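Engineer: Going line by line, the protein sequences match chains A and B.
Quick note: the first sequence uses this note's numbering, first residue 859, plus one each step.
Quick note: the second sequence uses this note's numbering, first residue 4, plus one each step.
Certain hints may be false.
The list that follows gives simulated cross-link-like pairs (lysine-lysine, DSSO-like), each with its CA atoms no further than 30 Å apart [what the hints assert, rightly or not]:
id, chain 1, residue 1, chain 2, residue 2
1, A, K1116, B, K226
2, B, K210, A, K1129
3, B, K37, A, K1129
4, A, K1281, A, K1014
5, B, K220, A, K1014
6, A, K963, A, K947
7, B, K210, A, K947
8, A, K1129, B, K226
9, B, K226, A, K1204
Beyond 10 Å from chain A on every Cβ pair, some chain B residues (computed) [claimed, not checked]:
id, residue
10, H52
11, Y59
12, G93
13, I117
14, Q158
15, H193
16, E227
17, G237
18, A264
19, Y265
Quick list of the computed label-pair ranges, beta carbon to beta carbon [what the hints assert, rightly or not]:
id, chain 1, residue 1, chain 2, residue 2, range
20, A, E950, B, K220, 26 to 34 Å
21, B, Q204, A, Y1068, 36 to 44 Å
22, A, L973, B, A36, 32 to 40 Å
23, B, D221, A, A1119, 22 to 30 Å
FYI, nobody ran anything at the bench for these hints, they're computed from the structure.
Nothing here was measured: the structure is a model prediction, and the numbers come from that model.
No residue lacks a Cβ here, since even glycine has one placed at the ideal position from N, Cα and C.
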Amino acid sequence: MKTYLPSKFIVERDLEQCIKCEVCVNQCTFDVNYYDAEDDEVRSREENCVGCHRCTVFCPTNALTIRRNPLDYRENYNWRPEVIEDIIKQAETGGVLLTGMGNDKSYPIYWDHLLLNASQVTNPSIDPLREPMELTTYLGHKPDGVDFDHNSHSLKTQLAPQVKLEIPVMFSAMSYGAVSLNVHESLARAATEMGTLWNTGEGGLHPKLYKYGNNTIVQVASGRFGVHPEYLDIARVVEIKIGQGAKPGIGGHLPGEKVSAEVSMTRMIPKGTDALSPAPQHDIYSIEDLAQLVYALKEATNYTKPVAVKIAAVHNSAAIASGMVRAGADIVVLDGLRGSTGATPKIIRDNVGIPIELALASVDDRLRQEGIRNQASIVIAGGIRNSGDVAKAIALGADAVYIGTAALVAFGCTICQQCHTGKCPWGICTTDPKLTKRVNPDIGARRLANLLRGWSLELKDILGGMGINAIESLRGNRLQLRGVGLTDTELEILGVRMAGS
Amino acid sequence: MKEKTPNVIASKAKQSQVVTIDASGIFYRDLNAKLRQLVLNGTRKIALHNVYGQRYIGTDLDEPAEIEIFGTPGNDLGAFMNGPKIIVRGNAQDGCGNTMNDGEIVIHGHAGDILGLSARGGKIFIRNDVGYRAGIHMKEYQDRNPMIVIGGTAQDFFGEYMAGGILVLLGLNLKEGEYHKANFIGTGMHGGVIYMRGNVQDFQLGKEVGVAELEEKDDSILKELVGEFASHFGHDTQEILKHKFTKLFPLYLRPYGRLYAY
């Protein structure tokens, strides 16, 4: 069938600068650039271009410019080019539209409507360059109170397992199979170097990475891929995945093409078969069932590590989170509307869930109202872009955040949303052995660690400016936030006051 | 990995010795802590009496210890289990063999829902009937191949989402002309095999399964598994195997491969 889909991008090649080196030909994974031997020219099939800009970065003479095809249809606010193209695609395939990464629509980004405070005159700000500044965060169940032996001054209360983070930013779940082993290794090494955690996602853990176990969160999802006693034993935290911001209520299908010999080993399924993650966990149909799995995992790990439960932020998150804490979750993970993924039905990604800022504020409120906020840490994910977002999240009530997309951008990702094709030009979201080499774990780990170092310096600056010297004092400290451009209801849910008031 | 007990002689003496525990009134967490401690110290045979719903028995033991249970163990019996053999003189509840890696479970009675959910290895034998979604999402990998044999019949979604392993449903308690209870058998199945003795109607099968006659290879698998089943519960293997079996297999290795527009 002839496709009616127009090209999304225009590839401009400056022929005066092009030296016909074919770097662009070799770098493009979507077969856009090709060498025409007859004419001795490098040419482009623009209709294949996804706008990843791999070629422009690697072109040695800067001969390439990728521009958006203006697609000047007759102006129509309702029937935008994206809407038209989606319909064309479905008319030609009859399938569910798949996409990668997080929600790209214009829903409000509340971080951009929240502003942080700073000290002026009445209390001194702190200079983090000269004074100690602490970002240390402990994740896990905290006791209702502490009891001391008054003679020996030692703690009598038995504490639940705690995890110490040097920076309250962790790497979000990305499974091996979706991303490559080199990506996993980079994440594991960066997390270890920076004193934080990375998350295996639901595809198991390659034995090569067991040595980073102390900085590893292992995931137990509905497919239970690669979940075995050793996997649970080496982990620092076990996370039950109920849902994901990019696809609340939806399972996952890792297509057989991506299940290589190595992926098959880690997931513990035959090579080339689809790895199907059912939508629900079939042993969890209620909060009581969740408690059962939480404690099954605690039993399986002899109560030595916190168990986290991750849900997508949905309309009833606050009530669900309360149930999760009562079910024994030591860490509540909320993944918001903008949470990312390697593959999701577009219609789900773009229409299901709620903004993470609102979910966080309401969950934190609810747990406080019920007097159980101490029983679990709150970790949020989904669209955290910089240290400003981190500071605002912590002030709203989070203990720590997960970053996924930001970490991938550190690897080179330009959010071209083609993760689901398995052809990631940056070699991140692919298991093609030729492409995975594009991520060198030495360089990947360096770039990730650099990012975290930059953010931790900035967080200290933000704290110092507020006159606060420990991130603990910012947690749930919503007085450090003010809202701009928000309605009364939005301000009420966020629990912050209007700027100026 | 847990450290092995260093004293080999002492542990050998303990291995032959049966430790008996009266579980009545013991909280599951304390009971499992006790089991963990016994097995770590080299005990290889344990008898649990008066078990009333304690969960997770057999979890986190990681040794081929034998645990005989008198009473009714609670949910998630043998969840994430890796090695032990569990014999239940009574019924098992839901989640028996959940994500089991290795070992054996023998139930002299019924089992509840999601028997062997996502199991990757080991064997489970149920004398009577099982609840909903037995064998759901079992998977196999290399030499790991979970196997479940059920003497009676099963409820709906038997073998749902099955990705590997072997399920055998014997229907020994079905009367002449009576059909198995389950509907949606093998829905979403994309690996493994189901052997059924006793009648099912076409509408009871999921649309992802095909029906085939047994081949030589199937006969030898069945002979072995049914033989083990019969020896556990005192049946006659030949008598069971005399009846016709059908084989259900996944029609597609990728049942959902054509859902998407890229």
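Engineer: With reference to the structure, classify each hint as holding or not holding.
Structural biologist: Comparing the hints with the structure gives:
1. A hinted pair counts as satisfied when its Cα atoms are at most 30 Å apart, and A/K1116 with B/K226 does not qualify at roughly 37 Å.
2. Between the alpha carbons of B/K210 and A/K1129 the distance comes to roughly 24 Å, so the proposed pair stays at or under 30 Å and holds.
3. Between B/K37 and A/K1129 the CA atoms are separated by roughly 40 Å; this puts the pair beyond 30 Å, and the hint is violated.
4. At most 30 Å may separate the alpha-carbon atoms for a hinted pair to count; A/K1281 and A/K1014 exceed this at roughly 56 Å.
5. A distance of roughly 63 Å separates the Cα atoms of B/K220 and A/K1014; the hinted pair therefore is violated under the 30 Å criterion.
6. For a cut-off of 30 Å, the pair hint linking A/K963 to A/K947 stands: about 19 Å separates their Cα positions.
7. Between B/K210 and A/K947 the CA atoms are separated by roughly 28 Å; this keeps the pair inside 30 Å, and the hint holds.
8. Distance restraint check for A/K1129 and B/K226: the Cα-Cα separation of roughly 29 Å lies within the 30 Å cut-off, and the hinted pair is therefore satisfied.
9. A C-alpha spacing of about 49 Å is found between B/K226 and A/K1204, which places the hinted pair above 30 Å, so the restraint is violated.
10. With a minimum CB-CB distance of about 21 Å to chain A, B/H52 clears the 10 Å threshold, and the non-interface call stands.
11. Non-interface status of B/Y59 relative to chain A is broken: a Cβ of that chain comes within 10 Å, the nearest being about 4 Å off.
12. With a minimum CB-CB distance of about 20 Å to chain A, B/G93 clears the 10 Å threshold, and the non-interface call stands.
13. The beta carbon of B/I117 is not kept farther than 10 Å from every beta carbon of chain A, the shortest such distance being approximately 5 Å.
14. Listed as a non-interface residue, B/Q158 keeps its Cβ farther than 10 Å from every Cβ of chain A; the least gap is roughly 13 Å.
15. The Cβ of B/H193 sits about 6 Å from the closest Cβ of chain A, inside the 10 Å cut-off, so the non-interface label is violated.
16. The beta carbon of B/E227 sits about 22 Å from the closest Cβ of chain A, which is more than 10 Å, so the claim that it is off the interface holds.
17. At roughly 32 Å, the least C-beta separation between B/G237 and chain A is larger than 10 Å, which holds for a residue marked as non-interface.
18. For B/A264, the requirement that its beta carbon stay farther than 10 Å from each beta carbon of chain A is not met, with the minimum near 4 Å.
19. Separation of B/Y265 from chain A is inadequate, the least Cβ-Cβ distance of about 6 Å not exceeding the 10 Å criterion.
20. Here the CB-CB span from A/E950 to B/K220 is close to 43 Å, at odds with the stated 26 to 34 Å.
21. A hinted range of 36 to 44 Å for the beta carbons of B/Q204 and A/Y1068 is inconsistent with their spacing of about 49 Å.
22. Between A/L973 and B/A36 the C-beta distance comes to about 51 Å, which lies outside the given range of 32 to 40 Å.
23. The hint said 22 to 30 Å for the Cβ distance between B/D221 and A/A1119, and at roughly 28 Å that hint holds.
In terms of the numbered hints stated before, the structure departs from hints 1, 3, 4, 5, 9, 11, 13, 15, 18, 19, 20, 21 and 22, listed from lowest to highest.
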